[in-house]
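Chemist: Given next are the chains, with one letter for each unit.
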Amino acid sequence: MSALELRGISKSFRGLKAVTGASFEVAPGAIHGLIGPNGAGKTTIFNMVAGVYAPDEGEILFDGKPVHGLRPDQICAAGIGRTFQIVKPFAGLSVLDNVVVGALLREKRVTAAKVHAAQILERLGLAPKRDLPASSLTLPDRKRLEVARALATRPRLLLLDEVMAGLRPTECDQMVAVFRELNRAEGLTILLIEHVMRAVMALAQRIVVLNYGKIIARGTPEEVVRDPAVLECYLGEEAEV
Amino acid sequence: MIGRLTEGVPRRALVLLAALFLLLLVFPAFAGGYLLAVGFLILYFAFVGQAWNIMMGFAGQLSLGHSLYVGLGAYAAAALYVHFGVSPWIGLGASIGISMLAGAAIGFLAFRFGVAGVYFAILTIAFAEFARIGFDHFRWVQGSSGFFLPVANYTTNDLWNLRGSPTMFYYLMLALTAGAFVLCHALLRSRLGYYWLAIRESPEAAEALGVNLFRYKMAAVVISSAMTALAGVMFAFYYNNLFPEQIFHISRSIELILGPIIGGIGTLVGPIVGAFLLTGLAEGLREVMLRLGIDVPGVKQVFYGICLLLVVMFLPDGVWPPIAKKLGLRR
Amino acid sequence: MPVEIYLNVAAGGLLTGLVYGLMALGLSVIFGVVRVVNFAHGEMMTLAMYLALLLFTTLGLDPLVALVPIAAALLVFGYLLQIGLINPFINRPEHSQFMLLVAVALILVNAQLIVFGPDAQGIRTRYSFDSFQLGPLIVDAAKVYAAAAALVVAAALFAFFRYTLLGKAIRACADNYHGALVVGLNVKHLYALTFGLGAACVGAAGAMLMAVIDVTPSIGPAYTLLAFVIVITGGLGSMPGALLGGVLIGLTEALGGVLFTPSAKSMFAFALLVLVLLFRPQGILGRKAA
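Protein chains in written order, with the numbering used here: chain A, 39 to 279; chain B, 215 to 545; chain C, 2 to 291.
A portion of the hints provided could be inaccurate.
Said to hold, decoys possible - Here's a subset of chain B near chain C, in silico, CB distances under 10 Å, partners left out:
1) 327
2) 336
3) 491
As the list claims (entries may be wrong) - Covered, in the sense of this in silico footprint (three residues per stretch, anywhere, with C-beta under 8 Å from a C-beta of chain C), are these stretches of chain B:
4) 337-347
5) 516-525
Think of the hints as simulated: they come from the structure by calculation, not from any bench. We put the CB at the ideal spot given by N, CA and C, even for glycine.
Taking the hints into account, I'd like the entire structure generated from these sequences.
Modeler: Listed below in structure tokens is the structure:
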């Protein structure tokens with residue numbers, strides 16, 4: 039049984055078809071990439087999986103159970119975590135407290151949540167900054183905080199929305215290493231939207247390519263980069279940061 | 215439990231708090247009638263400011279109609295006392311219940327239908343105005359003619375019926391304010407507090423982390439309205455007369471938010487500092503003007519308005535955060 | 002009650018509603034373009050009313066004539082308010098700006114209280130007690146003149162926004178702040194001008210209203226609320242919506258006052274507001290936020 043399955047998902051915004059008839063499956067423990075030019079509908083798909091909007095048509099199944107139409111907080115409780123394309127830290131709170139908010143989903147007491155949060159910060163290399171206000175962090179650290187927060191909710195599926203954007207190559211490699219480790223050690227299933235090809239090629243085991251709201255190709259990274267349909271839609275597009 | 219509450223609080227802060235509390239305890243011993251009344255007023259605004267702060271400062275919902283809860287709480291307890299002789303300690307159960315219902319209704323309407331930000335503020339104003347006009351016609355509590363509580367002699371303090379000297383009311387208000395302070399502190403450290411702050415900072419991110427926005431926003435509204443109802447009970451039994459035009463009026467709503475805004479929204483101490491500053495300065499101003507022979511209504515409000523303007527323009531986080539930094543209580 | 006009474010009351014409400022509509026138009030313009038919630042709107046109107054009172058008692062100027070200098074004065078006031086107080090803080094969170102205007106409202110209302118006192122004051126013009134008769138309808142002449150003036154001012158405003166270059170520039174700012182900056186529009190100046198125009202509407206409305214009712218400082222906040230009710234009901238950002246909302250509220254108030262008790266008439270306005278906020282937040286003629 040797949041971890042995540044989309045069946046015939048469609049969404050329109052005031053007459054504009056953002057996504058049409060998208061279907062794909064993500065196997066448990068897999069790292070799946072979702073790529074495509076800007077405006078292709080990738081974040082719309084994410085938002086539908088994360089519960090921000092309900093699909094107009096189609097179903098979304100998580101571990102075989104339907105989750106389309108649920109609220110974002112219900113989706114998180116079901117085991118799907120997400121990060122945002124434009125990071126949304128709780129600016130007035132400390133780094134630790136940011137993660138505690140996430141941890142409180144699974145821990146009854148604040149003290150236990152703090153312990154769990156501290157462990158996650160260690161894992162992502164943010165421990166030295168735990169008491170700093172989140173607003174004082176640099177962009178790469180904010181991205182890491184965003185991931186840490188989502189991880190604190192103990193997701194079985196993690197949705198990463200352009201998490202590498204704005205990071206330098208070395209920072210990007212560090213993030214890739216973190217995700218690889220999480221995937222290997224805990225079998226965390228990951229679905230990531232990415233423009234930074236360096237990260238996609240390094241991480242993704244399978245890729246789905248979206249253009250104008252429709253899936254135009256799918257397969258392993260090697261297969262996809264050679265697919266003529268994919269090359270055509272990227273022609274003239276900057277595919278690497 | 216006291217250990218858990220004080221853990222993590224800098225010692226300096228605890229010492230200062232203790233000193234302040236002691237000062238407030240002995241204050242009536244050397245304060246005359248006028249100063250005692252001012253003291254009561256300061257504590258009243260400190261208390262009700264903390265209650266409002268829970269909704270705005272913690273959960274980020276701007277309520278400009280909080281006088282609704284003061285009024286409902288006041289009328290409920292007063293009516294039960296005057297018509298049925300029910301002690302306000304029991305009557306306050308009705309006060310809290312009714313205010314909580316009103317708060318829940320407003321919260322439900324607002325949050326279910328996505329009324330937020332400034333629209334939410336306007337909705338709260340509308341409800342308070344509705345109550346003001348409605349109570350004007352409410353015959354059971356004498357409507358616009360005013361509802362009066364029988365004023366007994368003040369030689370003895372009847373705590374059970376809240377009939378007594380200003381000193382008794384002062385200590386009651388002090389207990390309420392201190393209690394609210396401890397409660398807010400505990401709340402901030404609890405799951406409720408964390409989720410509220412998250413909702414205030416970024417509702418979208420909070421939702422994505424599993425926070426049920428509706429449930430926690432409702433909790434803030436209901437707790438805030440319940441606390442404010444208590445202020446209403448004190449108001450009724452201290453002043454002994456209730457007029458819908460006054461108690462539900464929008465200027466009451468604005469008055470009670472001045473303290474937290476000037477002191478510092480979202481901080482624990484802000485509303486208290488704000489109440490002290492504002493009421494203290496305002497009464498001082500009044501004294502000066504009386505000495506000068508000027509007795510014009512409206513000067514105090516203009517003063518409040520100017521203070522609010524200056525704070526919003528130049529000290530948007532309130533007066534307390536920079537002071538706290540200077541005192542070494544914050545990073 | 003005979004039908005004529007209802008008709009007369011309704012007609013009176015409709016006419017007063019047009020003046021309300023002009024007041025709300027000012028608020029709509031301010032919010033629609035500058036995105037500032039002018040919580041001092043009603044207080045600015047009472048300011049205009051007091052100015053009309055002053056001009057009448059000292060110079061004998063009819064309020065419907067005085068509306069021109071009063072509108073001009075309020076235009077300047079609004080412009081300065083925006084430039085001095087609001088523009089510098091335009092990037093603050095929404096409730097910060099709101100609080101600024103709450104402070105201004107507080108100061109205005111109480112300054113008026115200090116200067117003019119709490120008692121109601123009114124104007125008696127030579128037509129104060131005249132009325133027109135149209136078949137079964139008897140309407141106050143003052144209301145007719147005021148309503149006519151309101152329509153003229155509103156039409157002038159519409160024309161300004163539609164046909165003049167300045168008006169188009171302002172609409173551009175409203176549609177796209179950064180786009181306007183990029184093409185070289187002095188957005189800060191245009192914002193201030195817009196606030197001034199909104200204030201001028203309120204000024205004109207105040208002068209007209211002075212011909213019809215008495216003024217006390219406490220009606221300021223009541224009119225602020227009314228303006229919001231009208232604008233939200235009619236549709237934020239829609240100019241015809243503001244006028245439509247004004248007429249609706251004028252009618253509701255008048256009829257509600259005669260069907261139930263007069264003092265409860267604003268309850269209907271509030272009930273309408275709550276309903277609109279819940280079920281059609283963009284108002285009757287408003288567009289849904291993009």
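Chemist: Against this structure, judge whether each hint is valid.
Modeler: Tested hints:
1. The beta carbon of residue 327/B is positioned within 10 Å of a beta carbon in chain C (closest approach about 5 Å), and the interface hint is therefore held.
2. The beta carbon of residue 336/B comes within 5 Å of a beta carbon in chain C, closer than 10 Å, and the hint placing it at the interface holds.
3. At about 16 Å, the closest approach between the beta carbon of residue 491/B and any beta carbon in chain C exceeds 10 Å, and the interface hint on this residue is violated.
4. Under a criterion of three residues with beta carbons nearer than 8 Å to beta carbons of chain C, the stated coverage of the segment 337-347 of chain B is upheld, 7 such residues being counted.
5. For a cut-off of 8 Å, the count of residues in the segment 516-525 of chain B with a CB near a CB of chain C stands at 6, and the three-residue condition holds.
In the structure shown, a violation is registered for the earlier hint numbered 3 alone.
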